[in-house]
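J.: Next come the chains, spelled out residue by residue.
There are 2 protein chains.
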Amino acid sequence: MTIATESLVEALKEILSDDQVSINQAIRELHGRDESYHAMSLPSIVVFPTSAEDVSKIMKLAQTHQVPIVPFGLGTSLEGHVIPYDNGITIDFSMMNKVLEIKANDLLVKVQPGVTRTQLNQELKKYGLFFSVDPGADATLGGMAATNASGTTSVKYGVMRDQVRDLEVVLADGTIIHTGNLAAKSSSGYHLNGLFVGSEGTLGCFTELTLRVYGIPEHVMAARASFLSINDAVEAVVSILQAGIPIARVELVDEVSMKQANLHSETNYKEEPTLFMEFHGNEAGLKQDIEFMKEIVEDHHCQSIAFEKDNAARNKLWDARHNLAYAYIHGYPGKKMMVTDVCVPISELANAVHYARQQLDAFGLPGGIVGHVGDGNFHALVMMDMDNPEEVAKANQLNELIVMYALERDGTCTGEHGVGIGKLKYQAIEHGAALLVMEKIKLALDPNNLLNPNKIVKLEEQGVNL
Amino acid sequence: MTIATESLVEALKEILSDDQVSINQAIRELHGRDESYHAMSLPSIVVFPTSAEDVSKIMKLAQTHQVPIVPFGLGTSLEGHVIPYDNGITIDFSMMNKVLEIKANDLLVKVQPGVTRTQLNQELKKYGLFFSVDPGADATLGGMAATNASGTTSVKYGVMRDQVRDLEVVLADGTIIHTGNLAAKSSSGYHLNGLFVGSEGTLGCFTELTLRVYGIPEHVMAARASFLSINDAVEAVVSILQAGIPIARVELVDEVSMKQANLHSETNYKEEPTLFMEFHGNEAGLKQDIEFMKEIVEDHHCQSIAFEKDNAARNKLWDARHNLAYAYIHGYPGKKMMVTDVCVPISELANAVHYARQQLDAFGLPGGIVGHVGDGNFHALVMMDMDNPEEVAKANQLNELIVMYALERDGTCTGEHGVGIGKLKYQAIEHGAALLVMEKIKLALDPNNLLNPNKIVKLEEQGVNL
Numbered sequence: 007m008t009i010a011t012e013s014l015v016e017a018l019k020e021i022l023s024d025d026q027v028s029i030n031q032a033i034r035e036l037h038g039r040d041e042s043y044h045a046m047s048l049p050s051i052v053v054f055p056t057s058a059e060d061v062s063k064i065m066k067l068a069q070t071h072q073v074p075i076v077p078f079g080l081g082t083s084l085e086g087h088v089i090p091y092d093n094g095i096t097i098d099f100s101m102m103n104k105v106l107e108i109k110a111n112d113l114l115v116k117v118q119p120g121v122t123r124t125q126l127n128q129e130l131k132k133y134g135l136f137f138s139v140d141p142g143a144d145a146t147l148g149g150m151a152a153t154n155a156s157g158t159t160s161v162k163y164g165v166m167r168d169q170v171r172d173l174e175v176v177l178a179d180g181t182i183i184h185t186g187n188l189a190a191k192s193s194s195g196y197h198l199n200g201l202f203v204g205s206e207g208t209l210g211c212f213t214e215l216t217l218r219v220y221g222i223p224e225h226v227m228a229a230r231a232s233f234l235s236i237n238d239a240v241e242a243v244v245s246i247l248q249a250g251i252p253i254a255r256v257e258l259v260d261e262v263s264m265k266q267a268n269l270h271s272e273t274n275y276k277e278e279p280t281l282f283m284e285f286h287g288n289e290a291g292l293k294q295d296i297e298f299m300k301e302i303v304e305d306h307h308c309q310s311i312a313f314e315k316d317n318a319a320r321n322k323l324w325d326a327r328h329n330l331a332y333a334y335i336h337g338y339p340g341k342k343m344m345v346t347d348v349c350v351p352i353s354e355l356a357n358a359v360h361y362a363r364q365q366l367d368a369f370g371l372p373g374g375i376v377g378h379v380g381d382g383n384f385h386a387l388v389m390m391d392m393d394n395p396e397e398v399a400k401a402n403q404l405n406e407l408i409v410m411y412a413l414e415r416d417g418t419c420t421g422e423h424g425v426g427i428g429k430l431k432y433q434a435i436e437h438g439a440a441l442l443v444m445e446k447i448k449l450a451l452d453p454n455n456l457l458n459p460n461k462i463v464k465l466e467e468q469g470v471n472l
Numbered sequence: 007m008t009i010a011t012e013s014l015v016e017a018l019k020e021i022l023s024d025d026q027v028s029i030n031q032a033i034r035e036l037h038g039r040d041e042s043y044h045a046m047s048l049p050s051i052v053v054f055p056t057s058a059e060d061v062s063k064i065m066k067l068a069q070t071h072q073v074p075i076v077p078f079g080l081g082t083s084l085e086g087h088v089i090p091y092d093n094g095i096t097i098d099f100s101m102m103n104k105v106l107e108i109k110a111n112d113l114l115v116k117v118q119p120g121v122t123r124t125q126l127n128q129e130l131k132k133y134g135l136f137f138s139v140d141p142g143a144d145a146t147l148g149g150m151a152a153t154n155a156s157g158t159t160s161v162k163y164g165v166m167r168d169q170v171r172d173l174e175v176v177l178a179d180g181t182i183i184h185t186g187n188l189a190a191k192s193s194s195g196y197h198l199n200g201l202f203v204g205s206e207g208t209l210g211c212f213t214e215l216t217l218r219v220y221g222i223p224e225h226v227m228a229a230r231a232s233f234l235s236i237n238d239a240v241e242a243v244v245s246i247l248q249a250g251i252p253i254a255r256v257e258l259v260d261e262v263s264m265k266q267a268n269l270h271s272e273t274n275y276k277e278e279p280t281l282f283m284e285f286h287g288n289e290a291g292l293k294q295d296i297e298f299m300k301e302i303v304e305d306h307h308c309q310s311i312a313f314e315k316d317n318a319a320r321n322k323l324w325d326a327r328h329n330l331a332y333a334y335i336h337g338y339p340g341k342k343m344m345v346t347d348v349c350v351p352i353s354e355l356a357n358a359v360h361y362a363r364q365q366l367d368a369f370g371l372p373g374g375i376v377g378h379v380g381d382g383n384f385h386a387l388v389m390m391d392m393d394n395p396e397e398v399a400k401a402n403q404l405n406e407l408i409v410m411y412a413l414e415r416d417g418t419c420t421g422e423h424g425v426g427i428g429k430l431k432y433q434a435i436e437h438g439a440a441l442l443v444m445e446k447i448k449l450a451l452d453p454n455n456l457l458n459p460n461k462i463v464k465l466e467e468q469g470v471n472l
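First to last, the sequence lines map onto chains A and B. The first sequence begins at 7 in my numbering and counts up one residue at a time. The second sequence begins at 7 in my numbering and counts up one residue at a time.
The hints are simulated quantities; they were obtained by calculation from the structure and are not laboratory data. A few of these clues could be false.
Because identical chains share one entry, a pair is satisfied inside a single copy or across any pair of copies.
[To be verified] Pairs of lysine-lysine, BS3-like flavour, derived with a Cα cap of 27 Å:
# : residue 1 : residue 2
1 : Lys300    : Lys109
2 : Lys162    : Lys131
3 : Lys431    : Lys66
4 : Lys19     : Lys131
5 : Lys265    : Lys293
6 : Lys315    : Lys293
None of these values were measured; they are calculated from a predicted model.
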């Protein structure tokens, strides 16, 4: 431990209790990685605040000592967002994990950032409510807001940014602000809610979130439809969307991934390109929607369609979908997974998925394609041996080809995972001169570049390394 | 005309054609007011660009001459947004009024900022599509994006910010950027779409908008339900929302306003507190939704309910609602209208509307209450004689009481009209320390404070007066 670190630990222990400050190697290692393939780097110190005031004091100290700050939820990020490449202090929000208030009449909930989405949904169930954003991993809501997470239900309910009514944010200088209010809409002032959601800890740390929730739908119906080709499946989705059928979930799983799912989840689903779908609504409306959907998928050479009415079968289906990433990881011991995350205009989706599958085959890397195709967002799940430089190079090249394909068609390099360190190199290509605006905003709000430095935007200046 | 103005006119005529630059008194007067009661102030020069490049050149010239810039659509703003209190150049976008591209497969449309919403809807109709945001006035889409407009359909389809996929923006220094892309969602970079929407010309001028559109719903049903009291009507809305019925429009019109509507629109609707509702969906689903709605309104002592199935009757109903502001204006010749615009959490709505009605009566000012109650947003339409200082003072006091009531309940001073000059005084109370963040953003993007100065935020520095 350097003298600088020692003096900072001393200072932190003056404002927090001893057990809220750790320099333990194992603890630091837990905060030196996420769920991605990105290289590890350890924080010098990990702190565990219990309040916004704690966070404010930590921020002020970081300014005094000119030390970087990285906020940390559960480490489920996929692009190295929480890895502290400049070391410094990691703020772990696990001690701020309370559901503070459920305002059922307003369909709002107030939570601390360390609450996970399943924890929230368990609480909400008692009120007949649910939180809609579902990224697969049981991430914290603070982390989900920081990356503008989304997932299977976004096609109907929107992404994380659409759910955030208000954030309590601690700024770089320790000031505590609120970015919104409890009204359903507002035209007052600049849209700080939207700016801070997706800012990945580079503009401030969230200490409280007020989120929109929904009534559990009266009726839910899930279906699996298998197709001759990925192309048919994707074209069917495009037709469903264009027909205005209010589908709640529509996920593509390619045949390779169906095999992997069957192996891992002990299902015996057909190993063909498949759409996992879900519909929410009233009984009569749902019935009519589903009849219409059936006509459409048949027009697109659907091979078979199966409905899951009861809760257990439906949960099994979505578990199989959610566990797909883990199915690959367990299926290829020793390998790491790279997940691409482009999102394209829906008219470009079929070709984009086809292109990704072709490239995956051409590189000879094991992996599959899955995606939230209702949004035009899909992932290539690519397995690679990190000790094999050739494989890693191939995976990186594949990722780049898929990203460039999307950007050339006015899509985005990341639909839901965020920039972190992995998509930093595409920011200038994707945003052009708008990146300068982002840099100006970062500089205005974090002039010493201490908040999760070199994520999203890379400024010249930065704090000292401990 | 001052020497400074003369030399600027010269310079503008070098970069634009002569007929794109006007110092005509009548033209300047047209650009010196909006639809509000706020005092007139004339621009020194009005310019009519035809391209982003024109706007970029104008911006650069404004920097050289240190002259304020105000963008202008059709002047339908309600808080003095487009009134150039610091004179300077007004950029009128009426020559940039083309629908550039309808991407029906992607449910997207690309337009210039001077296109109006009815103009867009006429074009979209040919494709079975419609644009959802409906603020009443036939505003330009550039203006609607600048104020984050919304209206009757926002309860289902969202506000203007929810529809904007990309903006082409000319910044203060003349740089042209794009704030988004064509993908349905993105976690790449800071959310510039959201930041620029609602920025009221204070951060840049919009020269192109890519907007989300929707398929015209298969079935539409409209209804009028009248109640014994405003309170019953509002409580019914709260119950409908909590039941999760996907209502597409739900508007409150109080008894005074129903009278005014009947006078103006030659209808003979019951002069009781009334909800105007609309439902969109498939036939079977709609039927079930409406049955459920009927049960709920009956629980809230609904006096009568009438359905309008056919297009003509439905249009008549919505015309009566949309023309209400004009109904008051025509009903009180010589008086000006002040429109309040608070939005509160839905659980506070009934009391807030009751409070506003009470205060309106207590002040003895003529007027009524209408509102997009599904969002918690309502307006007191207050008539006042601008030559009677006492009446004006009363109206201002009423507005302030209603705003403070909303802010004390974590609502907002403006749900959809925007800040302009009228809500500037409430920004510090509403946003607290977050206003400093807004000021930093403004300063970072418009360091000389030339873009619509003193709207939304008030900085120290500003350009020269011509």
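J.: Next step is simple, just say for each hint if it's right about the structure.
T.: Verification of the supplied hints:
1. Lys300 / Lys109: between (39 Å within a copy, 26 Å between copies)
2. Lys162 / Lys131: Both ways: Lys162 and Lys131 sit 20 Å apart in one copy and 24 Å across, limit 27 Å.
3. Lys431 / Lys66: This pair counts as neither: shortest intra-copy Cα distance 31 Å, inter-copy 31 Å.
4. Lys19 / Lys131: Answer is neither; intra-copy 40 Å and inter-copy 66 Å both fail.
5. Lys265 / Lys293: For Lys265 and Lys293, the Cα distance exceeds 27 Å both inside one copy (31 Å) and across copies (42 Å).
6. Lys315 / Lys293: both (12 Å within a copy, 23 Å between copies)
Going down the numbered hints, you'll see the structure goes against 3, 4, 5, while the others check out.
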